[in-house]
Amino acid sequence: MNSFFLISIIFWIAAWIINIFIGQSALTKTKMVLPPILFGVSLLLVWEASISAFDVSPVILPAPSLVFVKLISSVPILWVDFVQTFVKGALSGYIFGCSAAFVVALLADRFKFLERGLLPIGTFMAALPIIGTAPILVRWFGFDWESKSAVVTVMVFFPMLINTIQGLQMSDKIHRDLMQTYNATSFQTLIKLRLAAAMPFIFNGLKICSTLALIGAIVAEFFGSPIKGIGFRISTEVGRFALDMVWAEITIAAITGSLFYGGIVLLEKVVTFWHPSQRGRSE
Amino acid sequence: MKNLFKFALGGVVMLVASMATASDDVTIQLKWVTQTQFAGYYVAQDKGFYKEEGLNVTIKPGGPDIGPMQVLAGGGADVAVDWMPSALAAREKGLSAVNIAQPFKSSGMMLTCRKDRGVNSVSDLKGKNLGVWYYGNEYPFLSWMNKLGLSVDGGADGVTVFKQGWDILPLTQGDATCVSTMAYNEYWQVLAEGLKPSELTVFKYETEGVATLEDGLYVLEENLKDAAFKDKMVRFVRASMKGWKYAEQNPAEAAEIVVDNDDSGAQTVEHNTTQMGEIIKLTAGSNGALDPADYQRTVDSLMTGGSDPVITKMPEGAWTHEITDLALK
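So the protein sequences, as listed, match chains A and B. The numbering used here puts the first residue of the first sequence at 1, with every later residue one more than the last. The numbering used here puts the first residue of the second sequence at 284, with every later residue one more than the last.
Extracted from the complex, chain A is given alone in its bound form:
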């Protein structure tokens, strides 16, 4: 065992002890940020040290330093892949799918028979495995980003639909009674009361769908794509044994997914500031 490996293990144990201390003390904002950072850094250190200590072939698992070098030297390729998969595929499908689900939920709320009819179909569609639907959608919509967008739309539709329908039922009876005393039309009640009350659920749906969208776009690319895109790059670089490029793409996908999710969380804080989950210290 070389000394670097030993140092990384010691660092890991030290970070662990620090995190335990922090966990047992009073939490402040800065203290909350420290454990994940310490954990991440110690993980990277142990990974790097293990590669050299155990002589792991780069074909099996590359060291973080190799991945980093590959990342910064491949920015143009990574950017092209990012635009192809996230912007053109995932984002467009996400916006289209979530909007469609939202509109259908409003209709299902208005016309009860729609709700009874659509939900079983929606459940069925949600159960279709993406591995099965992706090749079919690639056949229908071609190899380019349109089919990836279609896959994402199918994937995000049902969760968003369910969450929105659930959210629309969340307003209290007493609040709806109040609107009735104001002689509000059902449309006014919807806009001024029920949609606002539904926001926590709607954002829940949006958050779930954000991760699904990125996964859907990447996996759909395995079934046919032009020669760009995160999913394409991952599958073909594995075939070329360029595992450092694979991990660079994974890093980009992880950062994108986290920022996307984080963006929605920020928006949620603004829109649902009144909800108990946003007010106290959330655990």
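Since the hints were derived computationally from the structure, they do not count as laboratory data. These numbers come from a predicted model, not from an experiment. Where hints are given, some of them may not hold.
[Said to hold, decoys possible] Simulated pairs of lysine-lysine, DSS-like, Cα-Cα distance not exceeding 30 Å:
#1 B:343 / B:508
#2 A:88 / B:334
#3 B:334 / B:508
#4 B:330 / B:343
#5 B:411 / A:88
#6 A:207 / A:112
Model the placement of chain B on the given structure of chain A, informed by the hints.
Then chain B, alone, in the frame of chain A:
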């Protein structure tokens, strides 16, 4: 105590007996699914050639996204069937694959295009939509595009490439102009879909001068240092080449044997008989030993990749005659 002794004795006897009749285990990873592309190995198994050499061979079929080099790297097989560009690229990345035999002398890879989509000759390829297989199969195509001076990034002066799945439907049912096909497999699938040879323009990589060596046998370099492993491989190659020669002489029987061994049930005798006829054209002229001149041609083709060569430096120790020298004596 007495019973325990009897059991122990019986156990030892059984162990010794089993060791006496034990044959050497060999696992071979094929490049694709069970078909007459690998007839030599199935025939050798079925006809008892492996058993004669004291080998117990497990044949693992390949399939979509199963990379033979990966399986070799992970220890899932002793020997793998793969194409030379893929093996050389893996070698450069740190996986020490070594060619120990080369049953296929010529290349069966082709680009099949539709005349009604505007391709009658090489000069018509500009600006068209081409399907290319990846996972190690893209290298001959990339070399060819480099040779023609066509960029693969699309645009009017280049070609638009898409990653083709493991079928030819983009040509027959989609709007691709060309797809990658093997002369012995996918080309016949195109014909089966209703297109006639007169409606197709076919570019053979051999004719275009960018052919690379295809099905060869590869093992890990470190294993070759073990004398017992080396001996196993000598016997394996000998029996496999015997299987290949038998298949060349008896194509119909070879097709039957292969279909019998197909676990998926997807293979037909008719398709495999046609395939066997085409495969014979590719194995003709090879007794199993790698021809260094063919190797050099493949390496030169891969290294003239322009801005994105498949391999960047001359490979060393990528092939050996030490197995075939002993196997084909």
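CA of residue 343 of chain B to CA of residue 508 of chain B, is that 30 Å or under?
Satisfied, since the Cα-Cα distance of roughly 24 Å is no more than 30 Å.
Given the hinted pair residue 207 of chain A and residue 112 of chain A, is their Cα-Cα distance within 30 Å?
Holds - the C-alpha atoms of residue 112 of chain A and residue 207 of chain A are around 27 Å apart, at most 30 Å.
Holds or violated: residue 330 of chain B and residue 343 of chain B, Cα atoms, limit 30 Å.
With Cα atoms ~18 Å apart, residue 330 of chain B and residue 343 of chain B stay inside 30 Å; holds.
Has the given pair, residue 88 of chain A with residue 334 of chain B, been kept, meaning a C-alpha gap of at most 30 Å?
57 Å, violated
For residue 334 of chain B and residue 508 of chain B, compute the direct alpha-carbon distance and say whether it is at most 30 Å.
24 Å, holds
Starting from residue 411 of chain B, check that the Cα of residue 88 of chain A is at most 30 Å away, please.
22 Å, holds
The structure does not agree with numbered hint 2 stated previously, though it agrees with all others.
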